[in-house]
Amino acid sequence: MLIVRDILVASAISGSLAVILVIAQRYLNDYGDCTIHINQKRDVTVKGGISLLGALTDRQIFLPSACGGKGSCGTCKCKVDNGGGPVLPTEKPLLNAQELAGNIRLSCQVKVKSDLSITIPDAIFNIRRYNAVVSEIVDYTYDIKGVTFALTEPATIDFKAGQYVQLEAPPYVNVKQKTIRAYSISSKPEDNNHIQLIIRLVPEGICTTWVHQYLQVGDPVSFTGPYGDFFIRETQADMIFIAGGSGMAPIKGMLEHLQMTGCNRRMLFFFGARSPKDLYLTEEFKAFEQVFPDFTYSPVLSRANPEDNWTGRTGYIMTYLPEAIHDPKHTEAYMCGSPAMLSSCQKDLLALGVPKENIYFDSFG
Amino acid sequence: MKQTPLEMKIQARMQPGTITLSGFLGTDERHYHAIIAEDEQTLARLGKTAEEIADRLDYFTKASWDSFVTPVVIDNLYEVETEITRGKLPCPFTHKGIYRKAITTLTHLNNGIVLRWTTLNIHLIRDHHFFEGTGSPFRLDPEQVVKALF
Numbered sequence: 003m004l005i006v007r008d009i010l011v012a013s014a015i016s017g018s019l020a021v022i023l024v025i026a027q028r029y030l031n032d033y034g035d036c037t038i039h040i041n042q043k044r045d046v047t048v049k050g051g052i053s054l055l056g057a058l059t060d061r062q063i064f065l066p067s068a069c070g071g072k073g074s075c076g077t078c079k080c081k082v083d084n085g086g087g088p089v090l091p092t093e094k095p096l097l098n099a100q101e102l103a104g105n106i107r108l109s110c111q112v113k114v115k116s117d118l119s120i121t122i123p124d125a126i127f128n129i130r131r132y133n134a135v136v137s138e139i140v141d142y143t144y145d146i147k148g149v150t151f152a153l154t155e156p157a158t159i160d161f162k163a164g165q166y167v168q169l170e171a172p173p174y175v176n177v178k179q180k181t182i183r184a185y186s187i188s189s190k191p192e193d194n195n196h197i198q199l200i201i202r203l204v205p206e207g208i209c210t211t212w213v214h215q216y217l218q219v220g221d222p223v224s225f226t227g228p229y230g231d232f233f234i235r236e237t238q239a240d241m242i243f244i245a246g247g248s249g250m251a252p253i254k255g256m257l258e259h260l261q262m263t264g265c266n267r268r269m270l271f272f273f274g275a276r277s278p279k280d281l282y283l284t285e286e287f288k289a290f291e292q293v294f295p296d297f298t299y300s301p302v303l304s305r306a307n308p309e310d311n312w313t314g315r316t317g318y319i320m321t322y323l324p325e326a327i328h329d330p331k332h333t334e335a336y337m338c339g340s341p342a343m344l345s346s347c348q349k350d351l352l353a354l355g356v357p358k359e360n361i362y363f364d365s366f367g
Numbered sequence: 784m785k786q787t788p789l790e791m792k793i794q795a796r797m798q799p800g801t802i803t804l805s806g807f808l809g810t811d812e813r814h815y816h817a818i819i820a821e822d823e824q825t826l827a828r829l830g831k832t833a834e835e836i837a838d839r840l841d842y843f844t845k846a847s848w849d850s851f852v853t854p855v856v857i858d859n860l861y862e863v864e865t866e867i868t869r870g871k872l873p874c875p876f877t878h879k880g881i882y883r884k885a886i887t888t889l890t891h892l893n894n895g896i897v898l899r900w901t902t903l904n905i906h907l908i909r910d911h912h913f914f915e916g917t918g919s920p921f922r923l924d925p926e927q928v929v930k931a932l933f
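Protein chains in written order, with our numbering: chain R, 3 to 367; chain Z, 784 to 933.
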C-alpha cells in the first residue's frame, strides 16, 4: 500500500510540475512585439520569440539561407549591433574571430526577444520571393538537368548574370519539411520572366533528388532571390572563366548576357569534366566563338579513355593557364565549381600574377 | 524503452528526409544505441577502436582531397578519390559543427573491397562510434572496414 501511495504522490508532483512548466512557458516566452531597426533607416515590428531570420522573412526581407535556418550553412550572417544576446555554441563553428569581434551573427540562431539593431547589405532589400511553374526540363548529362521556371508572381525578376536563387523543395515522400537549397541562375537577365537553373544530382541530396526524380513540367515552385556578388565587373580586363560540372551555370548566364550587351573583351572559358559523357552544351559554347570577337571555349577532360577518341585538352585546367593569360594585371577570373578545383586554380592564378581582387568565385557552398 | 528528449531528437534527426534523403538508420529497426553497441563489440573482437578507424578514414580523405582530376594511388595499395559536392551536413547527434558533402571512395587494389564515406562519417565514428544502420547508403561495416584499411 505504501508503495502505491508513494507512486501516486510522485505522479501528482510530476504532473503538477508539468502543468506549471507549460503555464510558465506560455507567459515567460511571450516577448510581445519587438522592433528590428535595420541599417538605422528602416524599422520592422515583429512578434518576439522567433528567429531573426524567420522574423525578417515574415517581413519579406530575405537573408540568404541555404539550409533553411538549421544553423548548418552559415550563409544567413548579419551584423547584430545590439539586442542579439550572447553568441550561441551553435553559431561559433561558423563564425571566425574577425566576425565574432564585429558582432556578426547567424540570424537563424538569434532569437528575437527584445528590440534589435542590425546591419545588412542594401542589396538584400531587392530580394523577393517568387512563384513560378516549371516550363522545361532538359537532360544535359546522365546526372545534370537544366530546369526552366516561368515566373507567375511577381511576373519578372531583376538580377545580375551570375547571381543565385534559393529554391524551395516542398515535402515529398519521406521528406516531411520544406528544404531550401541555393542554385546559380544559368539564364540571362534579359529574359526576365524566366530563370533557368542547372542542377546536378547529389547522392542523398534532398533537393536535387526532388528535382531529378519528382519535379515535372507544369509543377508550381517557389524561390527567393537574387543573391550573391558573383557577377561580371564592368572593366576592359581580359576574362578567364573556369567551371566544372554544374558550375557551368553562372558562366552560361554571364556569356548569354554578354551576347545581348556586346563584348569586345578577350575571353577564355575552361570547362573541366571527367569524360565526354560529362560534357554538355558544347556546341552552344563553341558557337560563342562566332559571336564574340575574341572568345575561346576549352573543355578539359581529366579521364578521357583511348576509346573516347578525345583530341581536346586533358588533365588539369591549371596546366593551360600560363598560355591563356597574356596580361595578368589586366585579367579577371570568374570561377565556379568544387572547392578543390577553385583552390588549385586560384593558387596558380595568383602565382601567375593575377591580382587577388580580380579573382571572383562561387564555391559549392 | 524510455528516451530522454535529446535521444528522441537524435532519433528524429536520423530519420529519412531530415538531414539526408535516406537518413542514417537504413532498414535497421534497432535503436541507434543498439547499433552502436553491436558495432563496438565487433570492433573489440577485431582488436580495433573507433578512433583508429576514424584516423585511417581521415588519412585517406586528406590524401585524396585534391583528387578532383584523377584518383590517387596511396601506399601502392589503394585507389582513392574524394568528390566534393554542394552543401554541408550537420551531425544528427546535435554535436556542434558541420561537415562538407565530400564523398571519398576507396578501392583496395588487391582484394577489390570498395568503401565509400563522407567527412560526416568520420565524425560519427570518431565521436559517437556510430557506423550507421544496416541498409543506410553510407553504412560502413566495421568488419569490411578493418579488412580493407588495416
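Don't read these hints as lab results, they were simulated from the structure.
Some clues are possibly wrong.
[Claimed, not checked] As a list, the in silico DSS-like pairs of lysine-lysine whose alpha-carbon atoms are at most 25 Å apart:
hint, chain 1, residue 1, chain 2, residue 2
1, R, K79, R, K94
2, Z, K792, R, K94
3, Z, K792, R, K113
4, R, K113, Z, K831
5, R, K147, R, K79
6, R, K113, Z, K871
7, Z, K831, R, K349
8, R, K115, R, K81
9, Z, K930, R, K72
10, Z, K879, R, K72
11, R, K94, Z, K930
12, Z, K785, Z, K871
13, R, K79, R, K162
14, R, K180, Z, K879
15, R, K147, Z, K792
16, R, K72, R, K43
17, Z, K831, R, K72
18, Z, K831, R, K178
19, R, K49, R, K162
20, Z, K879, R, K94
21, Z, K792, Z, K831
22, R, K162, R, K115
23, Z, K879, R, K79
24, Z, K792, Z, K879
25, Z, K879, R, K178
26, Z, K871, R, K180
27, Z, K792, R, K180
28, R, K81, Z, K879
29, Z, K792, R, K81
30, R, K94, Z, K831
31, Z, K871, R, K79
32, Z, K871, R, K115
33, Z, K871, R, K178
34, Z, K792, R, K349
35, R, K43, R, K94
Each hint tested on the structure:
At roughly 12 Å between alpha-carbon atoms, K79 (chain R) and K94 (chain R) fall within 25 Å of each other, so this suggested pair holds. Of the pairs offered as hints, the one joining K792 (chain Z) and K94 (chain R) holds, with about 21 Å between alpha carbons and a cut-off of 25 Å not exceeded. A distance of roughly 20 Å separates the Cα atoms of K792 (chain Z) and K113 (chain R); the hinted pair therefore holds under the 25 Å criterion. Distance hint between K113 (chain R) and K831 (chain Z) is unfulfilled; the C-alpha atoms sit about 44 Å from each other, more than 25 Å.
Under the criterion of a C-alpha separation no larger than 25 Å, the hint pairing K147 (chain R) with K79 (chain R) is inconsistent with the structure, at around 30 Å. With a C-alpha separation of about 23 Å, the suggested pair K113 (chain R) and K871 (chain Z) falls inside the 25 Å cut-off, and the hint holds. At most 25 Å may separate the alpha-carbon atoms for a hinted pair to count; K831 (chain Z) and K349 (chain R) exceed this at roughly 40 Å. Between K115 (chain R) and K81 (chain R), the direct Cα distance comes to roughly 17 Å. Compliance with the 25 Å bound is thereby established for this hinted pair.
Taking the CA atoms of K930 (chain Z) and K72 (chain R), the gap is near 37 Å; set against the 25 Å cutoff, the hint is violated. Note on K879 (chain Z) and K72 (chain R): the hinted pairing holds, with a Cα-Cα distance of about 12 Å set against a maximum of 25 Å. A C-alpha spacing of about 38 Å is found between K94 (chain R) and K930 (chain Z), which places the hinted pair above 25 Å, so the restraint is violated. With a CA separation close to 32 Å, the supplied pair K785 (chain Z) and K871 (chain Z) exceeds the 25 Å bound.
Distance restraint check for K79 (chain R) and K162 (chain R): the Cα-Cα separation of roughly 22 Å lies within the 25 Å cut-off, and the hinted pair is therefore satisfied. For the proposed pair K180 (chain R) and K879 (chain Z), the alpha carbon gap of about 23 Å is at most 25 Å, so the pair holds. Taking the CA atoms of K147 (chain R) and K792 (chain Z), the gap is near 35 Å; set against the 25 Å cutoff, the hint is violated. Simply put, K72 (chain R) and K43 (chain R) have alpha-carbon atoms about 29 Å apart, too far for the 25 Å limit, and the pair is violated.
A hinted pair counts as satisfied when its Cα atoms are at most 25 Å apart, and K831 (chain Z) with K72 (chain R) does not qualify at roughly 35 Å. Under the criterion of a C-alpha separation no larger than 25 Å, the hint pairing K831 (chain Z) with K178 (chain R) is inconsistent with the structure, at around 38 Å. For the suggested pair K49 (chain R) and K162 (chain R), the alpha carbons sit about 34 Å apart, so the restraint of at most 25 Å is broken. For the hint linking K879 (chain Z) to K94 (chain R), the alpha-carbon distance of about 9 Å falls within 25 Å, and the restraint holds.
About 30 Å separates the Cα atoms of K792 (chain Z) and K831 (chain Z), which puts this hinted pair outside 25 Å; it is violated. A C-alpha spacing of about 36 Å is found between K162 (chain R) and K115 (chain R), which places the hinted pair above 25 Å, so the restraint is violated. A C-alpha spacing of about 17 Å is found between K879 (chain Z) and K79 (chain R), which places the hinted pair at or below 25 Å, so the restraint holds. A hinted pair counts as satisfied when its Cα atoms are at most 25 Å apart, and K792 (chain Z) with K879 (chain Z) qualifies at roughly 14 Å.
Between K879 (chain Z) and K178 (chain R) the alpha-carbon distance is near 23 Å, which keeps this suggested pair within the 25 Å criterion. Annotation: proposed proximity of K871 (chain Z) to K180 (chain R) holds, straight-line Cα distance about 17 Å (limit 25 Å). A C-alpha spacing of about 18 Å is found between K792 (chain Z) and K180 (chain R), which places the hinted pair at or below 25 Å, so the restraint holds. Annotation: proposed proximity of K81 (chain R) to K879 (chain Z) holds, straight-line Cα distance about 22 Å (limit 25 Å).
Using a Cα cut-off of 25 Å, the hinted pair K792 (chain Z) and K81 (chain R) is violated, with the two alpha carbons roughly 30 Å apart. Only pairs whose Cα atoms come within 25 Å are accepted, and K94 (chain R) paired with K831 (chain Z) is rejected, the gap being roughly 33 Å. Between K871 (chain Z) and K79 (chain R) the alpha-carbon distance is near 16 Å, which keeps this suggested pair within the 25 Å criterion. Only pairs whose Cα atoms come within 25 Å are accepted, and K871 (chain Z) paired with K115 (chain R) is rejected, the gap being roughly 29 Å.
Using a Cα cut-off of 25 Å, the hinted pair K871 (chain Z) and K178 (chain R) holds, with the two alpha carbons roughly 19 Å apart. Restraint check: the Cα-Cα separation between K792 (chain Z) and K349 (chain R) comes to about 43 Å, which exceeds 25 Å; the hinted pair is violated. Between K43 (chain R) and K94 (chain R) the CA atoms are separated by roughly 29 Å; this puts the pair beyond 25 Å, and the hint is violated.
Comparing the model with each earlier hint shows violations of hints 4, 5, 7, 9, 11, 12, 15, 16, 17, 18, 19, 21, 22, 29, 30, 32, 34 and 35; every other hint is respected.
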